[in-house]
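Asks: Each chain, written out:
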Amino acid sequence: MIKVDNLKKSFGAKRAVDGVSFTVERGEVLGFLGPNGAGKSTTMRMVTGFIPPSEGKVSVGGFDMLEQPLPAKRLIGYLPENAPSYNDMTVHGFLSFTAEIRGMTGDTKKKAVDRVVEMCFLESVIHQSVDTLSKGYRHRTCFAQSIIHDPDVLVLDEPTDGLDPNQKHEVRSLIRRMGEKKAIIFSTHILEEVDAVCSRAIIIDRGRIVANWTPAQLRQQSELAGAVTLKATGVTSEHAQERLRTAAGVKNVSVVQKLPNLAWLRVYPASKEMNGALAREVASVAASQGWKIEELHTEEGRLDEVFRNITMTDTNKAPQS
Amino acid sequence: MNGFSTIKTITRRELGSYFSSPVAYVFIVIFLALCGIFTFLLGGFFERGEASLVRPFFDWHPWLYLFLVPAAGMRVWAEERRLGTLELLLTMPVTPWQAIVGKFLASWLFLIIALALTFPTVITVCYLGKPDMGTIITGYLGSALLAGAYLAVTCMTSAMTRNQVISFIVSVVICFFLIAVGWPPVTTFFSGLLPDRLVDLISTFSVLPHFAGFQRGVIDSRDVVFFVSIMGFALFCTGVIIRNIRSGH
Chain A
0 MIKVDNLKKS
10 FGAKRAVDGV
20 SFTVERGEVL
30 GFLGPNGAGK
40 STTMRMVTGF
50 IPPSEGKVSV
60 GGFDMLEQPL
70 PAKRLIGYLP
80 ENAPSYNDMT
90 VHGFLSFTAE
100 IRGMTGDTKK
110 KAVDRVVEMC
120 FLESVIHQSV
130 DTLSKGYRHR
140 TCFAQSIIHD
150 PDVLVLDEPT
160 DGLDPNQKHE
170 VRSLIRRMGE
180 KKAIIFSTHI
190 LEEVDAVCSR
200 AIIIDRGRIV
210 ANWTPAQLRQ
220 QSELAGAVTL
230 KATGVTSEHA
240 QERLRTAAGV
250 KNVSVVQKLP
260 NLAWLRVYPA
270 SKEMNGALAR
280 EVASVAASQG
290 WKIEELHTEE
300 GRLDEVFRNI
310 TMTDTNKAPQ
320 S
Chain B
0 MNGFSTIKTI
10 TRRELGSYFS
20 SPVAYVFIVI
30 FLALCGIFTF
40 LLGGFFERGE
50 ASLVRPFFDW
60 HPWLYLFLVP
70 AAGMRVWAEE
80 RRLGTLELLL
90 TMPVTPWQAI
100 VGKFLASWLF
110 LIIALALTFP
120 TVITVCYLGK
130 PDMGTIITGY
140 LGSALLAGAY
150 LAVTCMTSAM
160 TRNQVISFIV
170 SVVICFFLIA
180 VGWPPVTTFF
190 SGLLPDRLVD
200 LISTFSVLPH
210 FAGFQRGVID
220 SRDVVFFVSI
230 MGFALFCTGV
240 IIRNIRSGH
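Line order of the protein sequences matches chains A and B.
Letter by letter, the first sequence follows residues 0 to 320 of numbering that gives the first Met the number 0.
Letter by letter, the second sequence follows residues 0 to 248 of numbering that gives the first Met the number 0.
Please note that the accuracy of each hint is not assured.
Stated by the list, open to error - What the simulated footprint calls covered on chain A by chain B, stretch by stretch (three residues with Cβ under 8 Å from a Cβ of chain B suffice, anywhere in the stretch; the number is not a length): (1) 78-90; (2) 95-105; (3) 172-182.
Honestly, the hints are just simulated from the structure, not real lab data.
Yeah, the Cβ is synthetic: ideal placement off N, Cα and C, and Gly gets one too.
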């Protein structure tokens with residue numbers, strides 16, 4: 000549905016987006032990650048046709064955004080960053096306006112407005128003017144606007160920004176539900192959302208895509224992935240560390256935290272494809288030595304660590320001109 | 000959805016947003032009060048002893064509009080940029096032209112409504128004597144065109160900035176220029192320095208001689224073309240400015 004090909008955008012001498020390519024098909028939810036100023040919003044603005052790219056192509060549903068902007072835009076629902084809406088209008092007035100712009104009239108319009116009001120829990124504020132609303136409601140009003148025409152493509156720039164935890168949860172499950180039938184791109188700073196919502200994640204840094212994986216693959220990149228964490232009593236940390244180092248398939252053992260009555264260790268595997276073998280090995284060592292296991296599990300890897308590694312190493316590289 | 004109904008939707012929203020805030024009512028009250036003051040006190044409506052609106056009423060309009068039209072139009076694009084709704088509007092299936100024309104028409108319609116509310120002055124004249132209705136009608140037509148020309152300039156300055164105050168000031172300056180080049184005190188000043196033909200040429204850029212035709216009851220196609228081309232040119236510039244905003248220059 001969305002095809003982005005070698006997209007570039009310069010603002011003066013500064014290159015904000017530098018050769019971004021990706022595709023999103025129906026049924027996919029693409030998470031867009033990256034540090035502030037990495038080019039996420041600029042990319043989304045180009046995908047939605049607000050900013051023309053300096054180079055490269057965007058096509059949505061087969062329509063080129065530069066050559067056939069109107070049919071392309073009809074397919075898209077867009078929630079811009081900071082969720083802008085017309086402050087002097089009521090929620091109902093605003094949603095009716097957006098429905099009309101999308102070509103709906105009469106009964107169709109009324110049904111569409113009612114549907115999104117229900118989906119976004121706006122019943123209680125429907126006749127209030129937008130500038131009297133709290134941030135959460137304002138955000139949901141703009142979100143409602145983006146889905147009013149039940150678009151095939153949704154582009155959401157930080158859809159959960161400024162929402163309370165319950166609202167975040169609602170919006171995420173909404174995105175996940177809609178993602179079954181639509182092509183969705185959404186950007187976020189919150190890594191747990193990637194797990195909760197995305198089928199694929201792109202990490203963008205300094206205008207370039209530095210990773211394009213599923214959340215599971217992404218976590219695999221973590222050093223922690225595949226490591227076994229052990230908490231045991233009846234042994235000192237040092238002794239357990241010494242003993243485990245010599246166990247089969249172990250690369251290294253570190254002490255997570257030094258505690259008086261508890262050995263808390265992390266055992267790193269020699270290869271990443273051990274699939275629980277390392278945990279069994281650690282368990283058998285513990286059993287043979289008579290340590291009492293409090294906790295034993297294999298780490299899946301942590302997204303924040305991967306995110307930091309990928310985006311930090313890049314900032315250390317020589318800056319491109 | 001065709002382009003025309005998109006424009007209509009935008010125009011209706013914009014016009015609605017004028018009347019949903021106190022701005023519209025404050026504006027209309029001030030406009031009518033100033034019209035009354037200028038016509039009856041400064042314009043010497045009663046002292047003239049003639050049943051005509053030409054001098055006491057319409058003569059003031061270029062000066063009245065100089066401040067009131069920029070005040071009414073300064074928010075048109077500046078507010079849209081400040082709130083970020085420009086991004087929303089232009090990512091909907093709307094061409095920039097539809098947005099520009101729709102917004103302009105809404106503000107123009109608003110000014111025309113304010114202008115139409117001066118009808119008691121017309122009734123007064125009719126009550127007191129037998130005015131030439133033709134000159135009144137053409138006067139109103141000219142006044143509406145004049146307001147439209149100023150408004151288009153204001154739309155342009157409004158697109159230049161997020162700040163309504165800057166938009167207002169720049170717009171007043173440009174509109175003042177459009178008056179001043181044909182204002183007798185200025186033209187007499189220049190006629191001492193420049194050849195007459197050049198002075199004449201410069202003064203054709205002023206709204207005053209073009210508005211004067213309408214006041215006399217004459218609808219000259221050249222005057223209509225003048226006002227319409229100011230609107231066209233200013234709205235074209237608005238389009239260029241908006242394209243530049245989007246490209247990030």
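Asks: Evaluate each hint against the coordinates.
Replies: Going through the hints against the structure:
no., hint, in the structure
1, 78-90, "holds (count 9)"
2, 95-105, "holds (count 6)"
3, 172-182, "violated (count 0)"
Checked against the numbered hints given earlier, the structure breaks only hint 3 and satisfies all the rest.
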